[in-house]
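Asker: Protein chains in written order, with this note's numbering: chain A, 336 to 501; chain B, 29 to 377.
Certain hints may be false.
Unchecked claim - Have a look at the derived ranges for each label pair, beta carbon to beta carbon:
#	chain 1	residue 1	chain 2	residue 2	range
1	A	Val377	B	Arg319	35 to 41 Å
2	A	Arg397	B	Lys309	28 to 34 Å
3	A	Asp347	B	Trp237	44 to 50 Å
4	A	Lys464	B	Arg319	50 to 56 Å
5	B	Arg319	A	Leu474	41 to 47 Å
6	A	Lys464	B	Gln315	45 to 51 Å
7	B	Ala292	A	Gln408	23 to 29 Å
8	A	Leu474	B	Arg325	34 to 40 Å
What the hints assert, rightly or not - Here are some, though not all, of the chain B residues that point toward chain A, as calculated from beta-carbon distances under 8 Å:
#	residue
9	Ile75
10	Ser76
11	Met239
12	Leu240
13	Ala287
Unchecked claim - Covered by chain B, according to a simulated footprint, are these stretches of chain A (three or more residues, beta-carbon under 8 Å):
#	stretch
14	357 to 371
15	384 to 391
The hints are simulated quantities; they were obtained by calculation from the structure and are not laboratory data.
Here the structure is a predicted model, which is why all the values come from computation and not from measurement.
In this text, a Cβ means the ideal position worked out from N, Cα and C, and glycines have one as well.
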Amino acid sequence: MMLFTLSCADSDYPMDNWIDVPLQEMEPPAVFFNPHEINVSVGDTFAVNLYVLQVDNVAGVRLRVQYLRQSLQFLDMEVGELFIDAFDTLFFWDSTEASYLDVYSFYLADESTYSSGTRSIATAYFRAKNSLDSELIYLRPATRMVTPDNEPIIIKSYGKATIKVD
Amino acid sequence: MRSPKTIASAALLSLVSAASLPDTPHFYLYDLASPTIAVIDFHNQGISPAAGQTLTERFRLTLSMYTPYSVEASGIENRINILNRKSRSYSTCTSISCAVNVGKLLNVDRIVIGNISRESNQYTLSADLVSVQMEEIIRSRSLEYIGELDGIHDYVDTLVTRLFYDELNPVLYASRFLITSDGLALRQTSFPQLESKIDLELEKNEVLWAMLYSSALPGAGQVYSKRVVIGRRIIGGWATLGSLMAYNYFRYYSSNKEADKLYASYGPSLVPEDLIADRLKIQEYAQTMDRANRNMRIIRNFSVIYWLGNMWHTWQVAPRKIEVEPSSILLTMDPVINEIGFVLSVALN
Chain A
336 MMLFTLSCAD SDYPMDNWID VPLQEMEPPA VFFNPHEINV SVGDTFAVNL
386 YVLQVDNVAG VRLRVQYLRQ SLQFLDMEVG ELFIDAFDTL FFWDSTEASY
436 LDVYSFYLAD ESTYSSGTRS IATAYFRAKN SLDSELIYLR PATRMVTPDN
486 EPIIIKSYGK ATIKVD
Chain B
29 MRSPKTIASA ALLSLVSAAS LPDTPHFYLY DLASPTIAVI DFHNQGISPA
79 AGQTLTERFR LTLSMYTPYS VEASGIENRI NILNRKSRSY STCTSISCAV
129 NVGKLLNVDR IVIGNISRES NQYTLSADLV SVQMEEIIRS RSLEYIGELD
179 GIHDYVDTLV TRLFYDELNP VLYASRFLIT SDGLALRQTS FPQLESKIDL
229 ELEKNEVLWA MLYSSALPGA GQVYSKRVVI GRRIIGGWAT LGSLMAYNYF
279 RYYSSNKEAD KLYASYGPSL VPEDLIADRL KIQEYAQTMD RANRNMRIIR
329 NFSVIYWLGN MWHTWQVAPR KIEVEPSSIL LTMDPVINEI GFVLSVALN
């Protein structure tokens, strides 16, 4: 009788995590912001992570982020996890140019070490100056990645972050 | 008027005579010095000579075990060159005159000639018991059997019991057959090396029981119906289906368990790399679940077809009621008439 009756319901696992939804629409390798939606109040400080998505064998990254200077104030930057285990990592940023934030991260690659996967490059800290909503976007072609052989890695998708200020 | 001494002497003589009588309640139509009989190879139609010889040997074996007859010329070696120096096929000896000649040459009291014919799955077994001295058929019996050849052995035994209804050895007979109001019924198997382990009770509704067995476990009804080989195969197929179902259910269950665990951490997570890793694993588990579930549906549908086919096959091979068509020229199935008829035959002899 077991043979006549045994069958089960099909799987039902909607992949609807709000962080994961935009990632599913991206084609790797890609760069994106995490989180991609930020709700803050005027005067609040918030952090946003600058991520690479499923990149393979990367040795250097330059990210050029544009933000609305009238609405946001850049505060600080921290190194991320992509090259955290690599040897002789170089990490610096430049925020001198108005409304642009340049992030550089490299490591001294050899034949046996490489970095791949989905990892954060850096964490940027901002403060909401007024109630204007704004976005963080990656500018192209300034945003790019290279392999240890200095071959460019073609970025297929670029994410953005929306900052909503109450 | 006789004297008391004469009467006493007569009474004493009667007592001594009575004491010397065999103390047995059974009545044999033959004396207890093992009447002799021979069985000529059955004439075959539609089955191989080897199968015919095997069934004839079966007939002889049953006859020798359960009747007081001494079966002469049994065994393949003894059958050869009994009549002629040249080998001869006795399966062509189907007439009474031929049977009587063979009986005289073998110096036996009775001789059996028979026929086994097959038409598709329907077998007809018939046998004639011939009196060599009277040169006539004492009685004839025939059976119809529908099924495979491997289930015919019991019917050969039944043919023996039908043909030798009055002569069966009561002691041995009681160990194997039941005397019922309808006649004889097999009590248990006597040749376990030749038969399956399931008894064939002729009185039961064999079709119903076979169907019930098969409905509970496909193939069991076939085994019950003496279709051991095909029955075991069907059981094996059913077991295979069950194993496949169990395997797929295990795959479904284990994948479901893992997917649930991952999905519980996927929902509230805010770390992209964890989300991506969990999502891929969840999707793999979900695919495994869906595949296993699809397999289970296929197995379930196939099982229904398999079960229905099994029931149909059981219906086809389940033993039907045996049709006895007595065509004896001297006896009928009425035990009273049987006894009278046979006594008359002996008296005429």
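Asker: The structure should be examined with respect to each hint, and the outcome stated for every one.
Answerer: Results for each hint:
1. A/Val377 - B/Arg319: 35 to 41 Å: violated (53 Å)
2. A/Arg397 - B/Lys309: 28 to 34 Å: holds (33 Å)
3. A/Asp347 - B/Trp237: 44 to 50 Å: holds (46 Å)
4. A/Lys464 - B/Arg319: 50 to 56 Å: holds (54 Å)
5. B/Arg319 - A/Leu474: 41 to 47 Å: At roughly 45 Å between Cβ atoms, A/Leu474 and B/Arg319 fall inside 41 to 47 Å, so the hint holds.
6. A/Lys464 - B/Gln315: 45 to 51 Å: Holds - the Cβ-Cβ distance for A/Lys464 and B/Gln315, about 48 Å, lies within 45 to 51 Å.
7. B/Ala292 - A/Gln408: 23 to 29 Å: violated (39 Å)
8. A/Leu474 - B/Arg325: 34 to 40 Å: With a Cβ separation near 53 Å, A/Leu474 and B/Arg325 fall outside 34 to 40 Å, so the hint is violated.
9. Ile75: Since the shortest Cβ distance to chain A is 38 Å, the answer is violated.
10. Ser76: violated (39 Å)
11. Met239: Constraint on B/Met239 not satisfied, violated at 16 Å.
12. Leu240: With a minimum Cβ separation of about 14 Å from chain A (threshold 8 Å), the hint on B/Leu240 is violated.
13. Ala287: holds (6 Å)
14. 357 to 371: Holds: 5 residues of the stretch 357 to 371 of chain A have a Cβ under 8 Å from chain B.
15. 384 to 391: holds (count 3)
Of the numbered hints stated above, those contradicted by the structure are hints 1, 7, 8, 9, 10, 11 and 12, listed in ascending order.
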